[in-house]
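Reconstruct the complex from the two isolated chains, following the hints.
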Amino acid sequence: SAVISQKPSRDICQRGTSLTIQCQVDSQVTMMFWYRQQPGQSLTLIATANQGSEATYESGFVIDKFPISRPNLTFSTLTVSNMSPEDSSIYLCSVEGETTGNYGYTFGSGTRLTVV
Amino acid sequence: GQNIDQPTEMTATEGAIVQINCTYQTSGFNGLFWYQQHAGEAPTFLSYNVLDGLEEKGRFSSFLSRSKGYSYLLLKELQMKDSASYLCATNQAGTALIFGKGTTLSVSS
Chain G
1 SAVISQKPSR DICQRGTSLT IQCQVDSQVT MMFWYRQQPG QSLTLIATAN QGSEATYESG
61 FVIDKFPISR PNLTFSTLTV SNMSPEDSSI YLCSVEGETT GNYGYTFGSG TRLTVV
Chain W
1001 GQNIDQPTEM TATEGAIVQI NCTYQTSGFN GLFWYQQHAG EAPTFLSYNV LDGLEEKGRF
1061 SSFLSRSKGY SYLLLKELQM KDSASYLCAT NQAGTALIFG KGTTLSVSS
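If you read the sequences in order, they're chains G and W.
Residue 75 in this note's numbering is what sits at position 75 of the first sequence, and the numbering runs on without skipping anything.
Residue 1049 in this note's numbering is what sits at position 49 of the second sequence, and the numbering runs on without skipping anything.
Next up, chain W with everything else stripped away, as it sits in the complex (with noise of 0.2 Å):
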């Protein structure tokens, strides 16, 4: 089975830096995805890391240690439309993503 465990909510201010956390346990692992997902709208592919190590794209930032089952996607000079849900997903090799809860981000000036 998978478990993805990420805080509920978070707060921060315009131009600050937020790391959001997930810690997960899963069997035949594949990837580690990140997704951003506004209120009322899908989700959206934020980045994905197969490999220990940052992956940076632009503000965004996402980190991956598979031997502690650890990741935390970074978000740079925040603006108030990064206010959102940030899903932590999981899967193995030819499935579908398992999600962790979410966590929702608010970003205030």
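Just chain G, with the same shape it has in the complex (with noise of 0.2 Å):
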């Protein structure tokens, strides 16, 4: 299965500055994944970045909030935008498994981001 590199692993950051979270993947793959963590809860889906085109974006995400870059089939940036303490959270990228019914999604460690 795809090996995700992900960083930072955490940061602390001030209250309306940006951060930008890198994923470096060692396969190419289509559609990268992003999502948030909110403390003590599920994962979201914030948007699917695919190579060479805008990402789309669910419900409750926009771009001027969590601009996305997708320069190439093995990496991803999001940026978290504008930071306020509602925004600290873990920040997740992952991709499809080369066999979906043998290796699922992969994730990358994460990035766990604390805004004060």
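Quick caveat, the hints were computed from the structure, so don't treat them as lab data.
There's no promise every hint is true.
[Claimed, not checked] Pair by pair, the computed Cβ-Cβ distance ranges are:
no., chain 1, residue 1, chain 2, residue 2, range
1, G, Ile12, W, Leu1074, 36 to 44 Å
2, W, Ser1106, G, Gln38, 17 to 25 Å
3, G, Asp64, W, Gly1058, 40 to 48 Å
4, W, Gly1028, G, Gln38, 25 to 33 Å
5, W, Glu1077, G, Gln14, 25 to 33 Å
6, W, Gly1015, G, Asp26, 37 to 45 Å
7, W, Ser1109, G, Thr20, 40 to 48 Å
8, G, Arg10, W, Ser1083, 36 to 44 Å
9, W, Leu1051, G, Gly16, 48 to 56 Å
10, W, Ala1093, G, Ser69, 42 to 50 Å
11, G, Thr20, W, Tyr1070, 37 to 45 Å
12, W, His1038, G, Thr79, 45 to 53 Å
13, W, Glu1056, G, Pro8, 33 to 41 Å
[As the list claims (entries may be wrong)] Which chain G residues face chain W? A few, computed with CB under 7 Å, are given here:
no., residue
14, Thr48
15, Gly104
16, Tyr105
17, Phe107
18, Gly110
19, Leu113
20, Thr114
21, Val116
[What the hints assert, rightly or not] With a straight-line cut-off of 27 Å between C-alpha atoms, the simulated DSSO-like cross-links for lysine-lysine are:
no., chain 1, residue 1, chain 2, residue 2
22, W, Lys1101, W, Lys1081
23, W, Lys1068, W, Lys1081
24, W, Lys1057, W, Lys1101
25, G, Lys65, G, Lys7
26, W, Lys1101, G, Lys65
27, W, Lys1101, G, Lys7
Even glycine gets a Cβ: it sits at the ideal position worked out from N, Cα and C.
Okay, structure coming up:
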């Protein structure tokens, strides 16, 4: 299954600033997915990122707040813009498994963001 | 849209068997996934069911009934390290996983 390197692993940021999270995959993948996991909650899908096209955002998430780049088939970034304490969460990227039945979807190790 | 429901919390003792249920309503069903997530870690893949029936993998088994929109994860011979959140998820073909709220399992000695 794919291996994802996600960074930073954690950060503490001032409100009003922005943080860019990077995910690098060791193989080419068509789609990459970005999730948010608020404290004590499950994973919520933010957007789907395809190479060469604009990301598709889920209800409640907008491009101005969470701009996404997907410059090639192995890399994507998610920026959390104009942060407030409510943005304190874990952010994870994910890719579909090589063979869904055997490998499922793989996740990066996550970025734990604290906004102060 | 997709709606996934699972219990919030469960407790069990070491050596016991526990069954975590998941019901779902989804359009374009492509499969039912179970993930395990320890505190502070990323989710790890446990199982995938696309056909009805039981899939067994060591101490963990997963069952699916598509007609009932129902799945369960069965954990046998519980160990303390099985204390974690268990996430039920579905997807449509070629799309992202959509997760339920997760079940926090606490295993005590």
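Next on the checklist: When the structure is checked against the list of hints, which entries are broken? Sort them ascending.
Outcome noted: 5, 8, 10, 12, 19, 20, 21, 23
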